[in-house]
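Peer 1: Those protein sequence lines, which keep their order, are chains D and Z.
Letter by letter, the first sequence follows residues 38 to 152 in our numbering.
Letter by letter, the second sequence follows residues 2 to 112 in our numbering.
One thing to keep in mind: the hints can contain errors.
[As the list claims (entries may be wrong)] Where chain D lies over chain Z, by a calculated footprint (3+ residues, C-beta under 8 Å):
{"#": "1", "stretch": "24-34"}
{"#": "2", "stretch": "37-50"}
{"#": "3", "stretch": "88-101"}
[To be verified] Just a few of them, taken from the derived set where beta-carbon distance is under 8 Å, the chain D residues facing chain Z:
{"#": "4", "residue": "L82"}
{"#": "5", "residue": "V92"}
{"#": "6", "residue": "E93"}
{"#": "7", "residue": "L127"}
{"#": "8", "residue": "V134"}
{"#": "9", "residue": "G135"}
{"#": "10", "residue": "R136"}
{"#": "11", "residue": "G138"}
{"#": "12", "residue": "E140"}
{"#": "13", "residue": "Q141"}
{"#": "14", "residue": "G144"}
Hints in this document: simulated from the structure, not taken from any laboratory.
Using N, Cα and C, we set each Cβ at its ideal position, and we do this for glycine too.
Read off the chains here:
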Amino acid sequence: ETGVTQTPRHLVMGMTNKKSLKCEQHLGHNAMYWYKQSAKKPLELMFVYSLEERVENNSVPSRFSPECPNSSHLFLHLHTLQPEDSALYLCASSQSVGRGGGEQYFGPGTRLTVT
Amino acid sequence: TQLLEQSPQFLSIQEGENLTVYCNSSSVFSSLQWYRQEPGEGPVLLVTVVTGGEVKKLKRLTFQFGDARKDSSLHITAAQPGDTGLYLCAGASNTGNQFYFGTGTSLTVIP
Numbered sequence: 038e039t040g041v042t043q044t045p046r047h048l049v050m051g052m053t054n055k056k057s058l059k060c061e062q063h064l065g066h067n068a069m070y071w072y073k074q075s076a077k078k079p080l081e082l083m084f085v086y087s088l089e090e091r092v093e094n095n096s097v098p099s100r101f102s103p104e105c106p107n108s109s110h111l112f113l114h115l116h117t118l119q120p121e122d123s124a125l126y127l128c129a130s131s132q133s134v135g136r137g138g139g140e141q142y143f144g145p146g147t148r149l150t151v152t
Numbered sequence: 002t003q004l005l006e007q008s009p010q011f012l013s014i015q016e017g018e019n020l021t022v023y024c025n026s027s028s029v030f031s032s033l034q035w036y037r038q039e040p041g042e043g044p045v046l047l048v049t050v051v052t053g054g055e056v057k058k059l060k061r062l063t064f065q066f067g068d069a070r071k072d073s074s075l076h077i078t079a080a081q082p083g084d085t086g087l088y089l090c091a092g093a094s095n096t097g098n099q100f101y102f103g104t105g106t107s108l109t110v111i112p
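If we strip away everything but chain Z, and leave its shape as in the complex, we get:
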């Protein structure tokens, strides 16, 4: 089993603040995905990063894949209440058939 540790586990911030969520592993992944899950729903894919060192931006969200393809970070600028949810990272095996999910970060943005 390839373990992905996310930190922090819980995060509660005021609207307008910035935050960073980390996803770390000792294993190398062929790609890494970030999802957001809301209560009562399944995870929704936010982004996939494939190349070591890759940075992708999605409006106020910035995703980075570590150079060694073992870790990743998600940075949110000027958080909004709509960003509230459970953020999950997932690493894909070399075959692409296996997906290993992180422990999750529960984010609450207070208006």
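Chain D extracted, bound-state conformation:
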């Protein structure tokens, strides 16, 4: 595997389910990000991690819970979601955070549908 991979690529879940999205980067980067891309809305940055520590949390509802066990892996745990949470969830990584941290490399995304 190369670059940034995400699994699953597609997910359909009910509002009472619990599921997790997985992201893995094979680039040796120290920073990882979760974004949400909804139809007709700009990409929204959700969480930023640097060396497994969360550095940004942009007022995301608690039904989204991130986890970064090491610098190569990032998870997004989902529970009791709402239909409006249906979107493409993108993971990205960069060499580091902050100015001069390098470009972000994005994964292909997980298309989430909440029924």
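Given chain D, put chain Z in place with the hints provided.
Peer 2: Then chain Z, alone, in the frame of chain D:
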């Protein structure tokens, strides 16, 4: 929230034509990036501009960062069908930890 407005939202042109996409904001950014996203894929970085007034060229693509670092433009010369995609601009905050994405321009180049 720092809003980035892109125009036009949709653009459909014939192969060989030129086009310009604009990215405007009332906020100042430490840097600005342009991405292209194809269906079913994540965005791919095209360029990063950092200095006000900076112009960067990438083959047929020319990127310009406004003098005040609030706006940017992307000009494509002699568009090709392979240029089809969603073009996104993104501004970085002063800390570099926050990225604000534009609303996107969906480009279709007809052979």
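Peer 1: State for each hint whether it applies.
Peer 2: Going through the hints against the structure:
1. 24-34: Coverage by chain D holds for the stretch 24-34 of chain Z (3 residues, Cβ < 8 Å).
2. 37-50: Result for this restraint: holds, n = 7.
3. 88-101: Three-residue rule met by the stretch 88-101 of chain Z, so holds; n is 10.
4. L82: L82(D) check passes; min Cβ-Cβ to chain Z is 6 Å, inside 8 Å.
5. V92: With a closest approach of 6 Å, the V92(D) hint holds.
6. E93: holds (5 Å)
7. L127: Holds. Min distance 5 Å.
8. V134: holds (5 Å)
9. G135: Nearest chain Z Cβ about 4 Å off; hint holds.
10. R136: holds (4 Å)
11. G138: It holds, given that the least Cβ distance between G138(D) and chain Z is near 6 Å, below 8 Å.
12. E140: Holds - the Cβ of E140(D) comes within 8 Å of chain Z, reaching about 5 Å at its closest.
13. Q141: holds (7 Å)
14. G144: Check passed: Cβ of G144(D) comes within 5 Å of chain Z, closer than 8 Å.
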